[in-house]
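2 protein chains.
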Amino acid sequence: MKSKRVTFADIAAYTNFSKTTISRYFNNPDSLTLENQQKIADALTALNYKENKVGRILASGKTEFVGIIIPNLYMHYYSEMLNQILATYETYGYKFLVFAGNEKPDVERRYIEELLAYNIEGLITLSPTIPSKDLAQYNVPIVAVEREDQYICSVSTDNYLGGIQAASLLQKSGCQILIHVNARVPKTTPASGRIQGFVDICEEYHLPHELILTDLGNTFRENREKISEILKCLEQKYPEEKKGIFMSNDTHANVLLNILFRTYGKLPDTYRIVGFDNSPISEEAVIPISTVGQQIPVIAGEAMKLLSSLMEERKKRQPAPLKEPIHKVVTPILLRRATTD
Amino acid sequence: MKSKRVTFADIAAYTNFSKTTISRYFNNPDSLTLENQQKIADALTALNYKENKVGRILASGKTEFVGIIIPNLYMHYYSEMLNQILATYETYGYKFLVFAGNEKPDVERRYIEELLAYNIEGLITLSPTIPSKDLAQYNVPIVAVEREDQYICSVSTDNYLGGIQAASLLQKSGCQILIHVNARVPKTTPASGRIQGFVDICEEYHLPHELILTDLGNTFRENREKISEILKCLEQKYPEEKKGIFMSNDTHANVLLNILFRTYGKLPDTYRIVGFDNSPISEEAVIPISTVGQQIPVIAGEAMKLLSSLMEERKKRQPAPLKEPIHKVVTPILLRRATTD
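Which chain is which? The protein sequence lines are A and B, in order. Going by the working numbering, the first residue of the first sequence is number 842, and it counts up by one from there. Going by the working numbering, the first residue of the second sequence is number 842, and it counts up by one from there.
Where chains are identical, the list cannot tell them apart; a pair therefore holds if satisfied intra-copy or between any two copies.
Okay, derived cross-link-like pairs now, DMTMM-like style, lysine to aspartate or glutamate, Cα gap no bigger than 25 Å in a straight line:
#	residue 1	residue 2
1	Lys1107	Asp1182
2	Lys880	Glu955
3	Lys1067	Glu1124
4	Lys1156	Asp851
5	Lys1169	Asp999
6	Lys903	Glu955
7	Lys1013	Asp999
8	Lys1107	Glu1076
9	Lys1083	Asp1041
10	Lys945	Glu1143
11	Lys1107	Glu1070
12	Lys1073	Asp1056
13	Lys903	Glu954
14	Lys974	Glu1143
15	Lys880	Glu954
16	Lys1156	Glu955
17	Lys1013	Glu1124
18	Lys1107	Glu1066
19	Lys903	Glu949
Because the hints were derived from the structure by calculation, they are not lab data.
Bound-form chain A, shown alone (with noise of 0.2 Å):
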């Protein structure tokens, strides 16, 4: 069942050269002239020589892992991110190492460890259990995508413009009522720009307008009781006005159509809805969901374009240490659909 595999001592008494030159040739090649190395390289062509790169890796300190943490793959948007990064693979190389976190921080911080013990060469985190500064100490490149990102490198939204383009759509379709629900977000996570930028515009244009901010639930039944409960409430708060209902995430804006469209077999001329993400759920929906793209493409990209230029730094012999974390901004996209007609 189990292999042989092939050994240095085997090619060395193949080539009839010494173990050493064979090592040589695989940690220094240039060391032999072009002829050995061409005599090596046939022999293990001729032996089915398989490299190890665990033993390269000792050498070399680069193992081309690359730690993933995403906080779960209920909702589209991390799920399609990280559909965006793991595409990756062809253009650089790296193979990633995934791990939903669910909300256990501790689970976390000992994957976190392990991958440190297994020298992954970076981090891309998505989840927002662990604080920027714990995260700064493990002192391994880190790219943070769409959260709390004081003391690491990051890739993030535009939010504070998604919120005033959110509201501005529903303003054109004719809404009187403006309303965002969205969780409690701390005010150092890029998401809180989304309630900011919408308060902002609001006032600015003495829009009317509500915040609800309230926790959705983790699973589908949840938000769909919330979403129902808060529906309710402006049915009676509002009942002959225009409702404009910016929700935080296409996930949610597709429970609050759904059950518009089960109660009335359509979305009402008194409410228009916006999302938040563009990922696919807001395509596949009952009607299409207008919503603030983000360029989750883009976002992937420019996350792993940045982590792979902070670990090619590290690989340096004097890596120039970074002044301070980077933060780049994606402009987000409104795309007007069906919701907001």
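Could you slot chain B onto chain A? The hints should help.
Quick look at chain B alone, frame taken from chain A:
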């Protein structure tokens, strides 16, 4: 920026033991007295020594890495299966290297060969692109999930039973013509069982039925176009009949349901729908979709249990070769929801 790694020499200097003794502590601790083990353990804490697992792997051959090959993250079924497999980290401790194949067999082969060079201990594959005969030759423990599995171990849903369940439910819902939409799947894949089960039960009970075997494309837009066309044909062919449509997965069932809702504002009495998988979209849909539920957490758990036993066997001094691949079958659970009421 780069923190100096604590070496065996540092530990030796701190404890006044030789480097050989330190090495023995890591590779054969029982050869030291308990007292000396404790002295070294204390020194590691004092020096803030971080274990370098790459070094240990070389000694033990155990990387604790498992590769996962998924076809894509677009299909909700794959996303949820990945979620459940990743969640086994807490139980088994294996770290997962994840790759999304996206129907590129060459890239997939290169990826697998890279993982083998890194001494991964095992592989779970949901991707259909590489034949099991080729995979078996990689000589690493592999478990296939819901794909062709002639030469390798596998865990699959009882698709034949699933086809029977779907047809029976549509018949009980008073449908006059039963339709099954699926791709032209090879006979060797588990999914072909859905078609056979559907056809067999229809023939046995003389239920009018039609098979529509066609490729629905790989993007949401392609799906929607193709399913719209199919729907147009069905409307023309069976204008008055109550049509029971069994879609090959929930993602496609959701597309069909949404097209009907956009046209009629509800699921018309002349249509009943059953999906397959019980992936999250079946509950998140505009009305909950009846589905042949794959027990995704059970399948993920069984796959890891089976892979884990294969990997443990491999570590024995004299591993017992498997006489033939083990194929586990998990029973599907029919979920009656709003689309068959």
